[in-house]
Each structure stands twice: as structure tokens, then as C-alpha cells.
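There are 2 protein chains.
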Amino acid sequence: MAELEGNCLVGQSGGPTAVINATLAGVIEEALNYECVEEIYGSVNGVMGILNEEFIDLASESQQTIRGLRASPGAALGTCRFQFKKDADFERAIEVFKAHEIRYFFYIGDNDSMATAAKLNSMAADQGYELRVIGIPKTIDNDITRTDHTPGYGSVIKYVATTVREMAFDNDAVGQGDYVSILEVMGRNSGWIAAGASLCKRRDHPHDPPHLIYLPEVPFSTEKFIEDVKRVLQREKYCVIVVGEGLVDSDGNYVSLGSSSMDAFGNVQLGGSGEYLKGLVEKGLGVSARSCKLGIAQRAAMHCASQTDADEAYLAGRQAVIAAVQNGESGKMVTLQRGESDAYVCETGLADLGEVSEGTKRIPEDWINDDGVSMNYPFVKYALPLIQGEVDAHFDNGLPAFSKLKRMPVEKQLVAYAL
Amino acid sequence: MAELEGNCLVGQSGGPTAVINATLAGVIEEALNYECVEEIYGSVNGVMGILNEEFIDLASESQQTIRGLRASPGAALGTCRFQFKKDADFERAIEVFKAHEIRYFFYIGDNDSMATAAKLNSMAADQGYELRVIGIPKTIDNDITRTDHTPGYGSVIKYVATTVREMAFDNDAVGQGDYVSILEVMGRNSGWIAAGASLCKRRDHPHDPPHLIYLPEVPFSTEKFIEDVKRVLQREKYCVIVVGEGLVDSDGNYVSLGSSSMDAFGNVQLGGSGEYLKGLVEKGLGVSARSCKLGIAQRAAMHCASQTDADEAYLAGRQAVIAAVQNGESGKMVTLQRGESDAYVCETGLADLGEVSEGTKRIPEDWINDDGVSMNYPFVKYALPLIQGEVDAHFDNGLPAFSKLKRMPVEKQLVAYAL
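As given, the protein sequences belong to chains A and B, one line each in that order.
One rule links them: number in our numbering = place in the first sequence (from 1) + 2.
One rule links them: number in our numbering = place in the second sequence (from 1) + 2.
Hint data in this document are derived by calculation from the structure and do not stem from the laboratory.
Predicted model, so just to flag it, every value in this text is computed and none were measured.
There could be a bad hint or two in this list.
Restraint-style ranges between C-beta atoms, simulated for each label pair [stated by the list, open to error]: (1) A:101 / B:239: 25 to 31 Å; (2) A:124 / B:179: 30 to 36 Å; (3) A:360 / B:288: 30 to 36 Å; (4) A:408 / B:179: 18 to 24 Å; (5) B:343 / A:373: 46 to 52 Å; (6) A:287 / B:101: 34 to 40 Å; (7) A:5 / B:179: 38 to 44 Å.
Derived coverage of chain A by chain B (criterion: at least 3 residues anywhere in the stretch with Cβ under 8 Å from a Cβ of chain B; other residues may be distant) [unchecked claim]: (8) 86 to 94; (9) 125 to 135.
Note that CB positions come from ideal geometry on N, CA and C, so glycine has one too.
Let the hints inform the model, and build the full structure from the sequences given.
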């Protein structure tokens, strides 16, 4: 493969995860290995940084800072939910790439971001501008197709399952046959996160919490819910319920819209399914319930992140650079693939960006037990390897200390663009 | 002091903390040192276990299990909010103590439990039954008088401040001048926990989150709140708010009652102040906000507990036994006292149970800045030593592994008592 000389640009998009910065560190550290890569730039706030020509110089950051990114939450470059809206946006992007001799673009994001990356790739080809575009998956939601799992998922379910286990020890101390405790977790369209809570149920310990898991995949019925809780309370001292924020009824409507607001990106902002179930328990059973809502804390919980997840996120970043620079790949997304062996091994692969961006991956129906409120062994076998190992977050004066980039700006070459 | 031969009983009461089992471990391990202490019993579910004569044999538990209690959340003996209601309850208790030759009673609990312990102590004296009663404070709320701070407080604020710092890194990545993030924490009558979030603000970093802290100590005004948030958003990319569940207006009414339910003990169950503030931000400023509610997860978060707190909780347990067995004390509560030196040192003392049980300790007014939404240096100096060090929770297969007692029952000697 002919060497392609030029600069490299990396951006982060969508909701942060605990390990999205580990991927960024992987991209930066691998890119430093190649003579043909001159500058390593970061795009501030994802593709918005491209339109605004707002780049920072990543090679000038200290090694300590970049190393620290492997254990820092948030998204060090800033993120966005902004998508290119019109052809002019893509044309502007190519113009900016040309002005800064960007030949490699790495975009860390979810489905929507992969679509943007795919279109950028084809626009550059149409214009005869040599550009290699590689997407790198990230999302706590684990709903990207073509990859066995997504970086970010292992950490969020490690934190959620840890929280459920801890809450259960509390409930066990307090409960007297009438204690209901509800944990609401993220997951707009799929129950991958809620399902992950089941890891805290030990094999052959059917009484272990969580006792009931409500997934967006299973249409919610109030009557069945009340029966479910009643059944658990007859059997156990307490009942731990985990519910995804995106719970829907049999007509596909969200059972709760929280304060039913839209976020700045026009998405319905979910939340409140936990409080909703709490109300049902109290009215339907006359039993008091307590709810917790981890909210964005769950996607930022570096202090309880999975080392396996952080390592894989870092690996995905490095592999993206290897694919583009060494192997001349473009228009692909790095995937994580499970090895064939019985012991868990994670390998990487590549999938076409165009294919990835369509559709979301849902939990296989046959991983959900017939009761609709618990996961079976194939799910556990799938998810358990992803939470192994604890990231050794650096604590300073009692609190975790995280890396923050200096953000040395790269000089602009063009006139401003109206977003 | 004449040696008093007999058995020892220990109970746990009220809401669990991350370190209430560390105190239990301290009691058990110290009690094992004395020849005059024959059996070490645990009372199941606090003083309910006394009325029900439901004791377990703690000396028969493995050393590994007892050691593991120092890093296990919940309350290993089970807890209760039950208080003795009538003289007959106290008389029954003395009768049970006599039947089991209980000469030492250690009660780990909050204000209400100290009142129960005080009355048990005087009832035994009235009846001429030699009994030594020592209370050991525990509460995440930090509102017990006569002790510098309470075991349980350091861990909850370490977890809350860690969560705020992590959320802030997420908000910093996502925010564009209009991002409001609200964290609701516990604290029915006092803002100690919410105030603890301020530890994540570094000295001389006025822009650090949390930007606004709303305490039950400061009457809430909607107009001021909207102005506060507006001011922060003009200055920062995002606004992190921490709010105590027990926020009250100028008439002393709770601003939000959540689903306004009572818990099984007839207490108003708070919760919802975070969602309430979210609504105000969205209506008052037209800006979308997100709320998290840590709920009981915060008092069970062993995976993020303070080593200092766990050590002090353990120490308090040992000191209780030393006071009763070696020094013949009774009717006292172990206190934690700060040494005079500049470097933090924790010593223990004793206070009269009767004095302790009256009143709750509130945050000194002059530790709250004039803006009413931030804490000043004396608070930080007070609280920062309490979160130092990380408990090394034992992880097994990706999740924390906690101790659970075998609970070998002690044979009952009396007929059942109607509660």
C-alpha cells in the first residue's frame, strides 16, 4: 500500500462513555508511530469542529495527559449530536480537510456518526480528494450492528450491576417482605443496559437480585407488572427492579415521558420510568417503594469502569489508525469480534460504514426468559467477559483525578462558515 | 474496674451506611479479646430482635466473613426503624437479656436509637440488672450531636463528590452554554451530604462544579434559583446543581414530596427535589435539564467508600467494647473527636446517651457562603479529611464480593412476645 502523507484528524460524537477517551488515546498513540502522519489534530465538538475549523493540536499534549485519558470520563475533545444537514456542509468539510491537509479522519461515535463518516468518505472520493475515513464505535447502548459489542457497554453494566448488588445488600438489611427498590437505567431503544444488571445474579442463585428487569424489548403491561412484584414479595424479603428508561406499552408508546421534554437536539428526553413504576407499586400494592435514577452518572462512572472495556476501547482506536495508515482502508468501522475459543478473546475487524449506519442491534429474543423479566445464560455468557477487571482510576486527595487537554488551537486557514 | 462476666449483644438500626458493618466487625473482633465475654450475639433487625428473642451466634462466623464485613454494605444483622413503644417493651428486653445473660449491649444507630439505648440503660439500672449499654453512632446524614462527624458520612460524600466530578466531565463534553445537570442526594433535615459535593471544587478554581448547591438549611426561592442558574450559564458551558432531598421553602414546607408517599414507618418519603428543579429550569429558562437521583445507592456505595471512614467506623466499634468491658462505662455513646493538630487525627471519646439523643446537628451557618449556594473553606477543611483513601473492595468475576453472615440462630429461652 502506497504511503499517504498528510495530517490526521480525530473527533468524538454523541453521548460520552467512560472509555471514549481511551479510544482517543489509542488513536493518538498509534498515529505517533507513523512518519507519514505529520500532525495529529482533534476536532472540537465532533463534526461541528470541522465546519467551524476548530482544531486543536494533540501531538503537543503531554504524554502524561494522553495516558491519563485512558482513565478519564467525558469526551476530551468535546462532542456533539449535530449532523451535517446539507451537501454544502460536506463540501465545507472537504474544503477544510484540504486547507489542513487532512488525509486521515477518525470518527468515534454511534450509528448516526457512522452515517456522517460514510457520506464524508464518498464525497471525498467523488471530488477526487484522497482521504481515508475510519469510524470507531462507542456507545453505552451497545446497539451498533456488525460489532459483537461496543466500547462503553462493559463499563456501564459493570457500574449498574455493582450498584444493584450494593442496593440489594441495603434492601436485604431493611426489607421485611414489603420493600421494593427500583433502579432506572439508560437505554432509549434497547434494553442492553437494563439486561446487564442481571450479571449480579449468581448462577444457580435464583433468589439473587435483580428480581425483575423491564426491557424496552418487552411491551409493558401494568397488570403483569403488579403480579410480578406480588410474586417476588411473597417469596423474598425485598424486590429489586431494574427498568430501562425507554419502556414502552403494547402500542409502542413510552410508558413515561418524565417531564416529557425534548432535548436541545429534538429528541424526546426520556426518564421517569422508575418513578412511574414506583407509583404503580404504591397504588397497586399499597407497598412503599424507592427509586433511583443513575442518569448521566452511569455513562461517566470511571471510578467503576471495566478494564476489559477500557482496553478494548483503546485497542479499537489503535486498530483504526493501523487500518487507515498501514492498510490503506477507508469507509470502514472498526468492529470488536469474539474469538471462537471458549475463553473470551476479543479481536478486531472492519465493517462497511454504510452497512453499519443502518439499523440498531436489539437483544436477541431468545436471550430473554419466557417470564419476560429475566435474562438467560446465553446473555450472561455474552456479557460477563465484558465487565472483567477494574480500571485503576488515579485518586488524588480523596477524589479521582482526570486528564484535561490543554487544547492548543490550530490556526484557521479559511473564513468562517455559517452553520 | 471489676470484671463483669456475661454475654455480649450487638444490634444495628436505621438506614444502612457503607461502613456500618465495619463497626460491627470492630465490636466482634474486640469482644473476642476478653475472657469475661463468653458469647457474642447479634440481634436480628435491631431491637426487634430483642423483643423477638432472635439472636445469632457471631463467634461461630468465620474470621474471613467478619473481616469481609469491613468492606460490605448493608447491615449484616438486619436493621429496623422500630422503636420500643411502651414500658412493656423495655421490660421484655430486660427479661430477654436476663434469659441470655446479656451484660453488654452495643447499639449501632442514629439519634432515635441512642434514645432507645439510653432508656434501656436506665431501665436495667432501675431493676438492679447489671448491664452496660454503649451506643455507636452511624448515619450518612452526619446529624448526630456531640460527635465531630459520624461514621458513614465520609463514604457517602466521597461517592457523591466523585459522581459530581464525573458528571461534570460529561457535561463539559456535551455542554454548549445551555446544559443543566441536577443531582439529588439524601438528607432529610440537613444538607451535610449536599454540602459534601463541594469537595470536588478545587481550591482557587471558582469555575469548578458543582456550581450551585441547595441545602435544606437555606429556604428555597424559585426566583433566586432561576437567577442563580442564569448567572452560571452566562459564565460556564454547563451548570451542575446538587440538591438535598429535604429542600424547604421559606415557610418550612418541602418544595417537593415526590409521589408524596409515607414509608412503612410513617415518615414522609422525600425525593423528587431534583425533578422539581429540572421542571423549574425547563419552564423558567427554556433550557433542557437532566436529573439524577442516587437514592439508596449512595448509602450502599462500598465500591467508592472512604478508607478513613471505614477505619474510623471499625475503631468506634472496638472503642465501644473497650469502654464497656475494660472501663466499665455504660449509658454512653462513642464519639469521634478531631485532634488539635493541624494534620487531621481522629480520636474517640464518650458522650452521655441522654444528651446525644436530643436534637440534630446542622451545618454551621457561617460555613455557607453569603450566596447561599456554596460552601466556604471551613467546611472544606472539616470534610476533606473524611474522604481520604479508597476502600479496597474485593472484586470477583467483575463485581464486588461482599460478606454475608451464616446467621446461626441462638436457641430461644422464652415464649414469644406480641410486638
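Hints versus structure:
1. The hinted window of 25 to 31 Å between residue 101 (chain A) and residue 239 (chain B) holds, with their beta carbons roughly 27 Å apart.
2. Separation of residue 124 (chain A) from residue 179 (chain B) is about 34 Å and conforms to the stated range, judged on CB atoms against 30 to 36 Å.
3. As the Cβ distance of residue 360 (chain A) to residue 288 (chain B) is approximately 35 Å, the hint placing it in 30 to 36 Å holds.
4. In this structure the supplied range 18 to 24 Å holds for residue 408 (chain A) paired with residue 179 (chain B), their Cβ-Cβ distance being about 21 Å.
5. Residue 343 (chain B) and residue 373 (chain A) have their C-beta atoms about 60 Å apart, which leaves the hinted 46 to 52 Å range violated.
6. As the Cβ distance of residue 287 (chain A) to residue 101 (chain B) is approximately 38 Å, the hint placing it in 34 to 40 Å holds.
7. Our hint of 38 to 44 Å for residue 5 (chain A) and residue 179 (chain B) holds, since their Cβ atoms are close to 42 Å apart.
8. Coverage of a stretch by a chain is defined here by at least three residues with a beta carbon nearer than 8 Å to that chain's beta carbons; for the stretch 86 to 94 of chain A and chain B the count is 0, and the condition is violated.
9. Residues of the stretch 125 to 135 of chain A with a Cβ under 8 Å from some Cβ of chain B number 0, which does not satisfy the need for three, so the listed coverage is violated.
When each numbered hint is compared with the structure, violations occur for hints 5, 8, 9.
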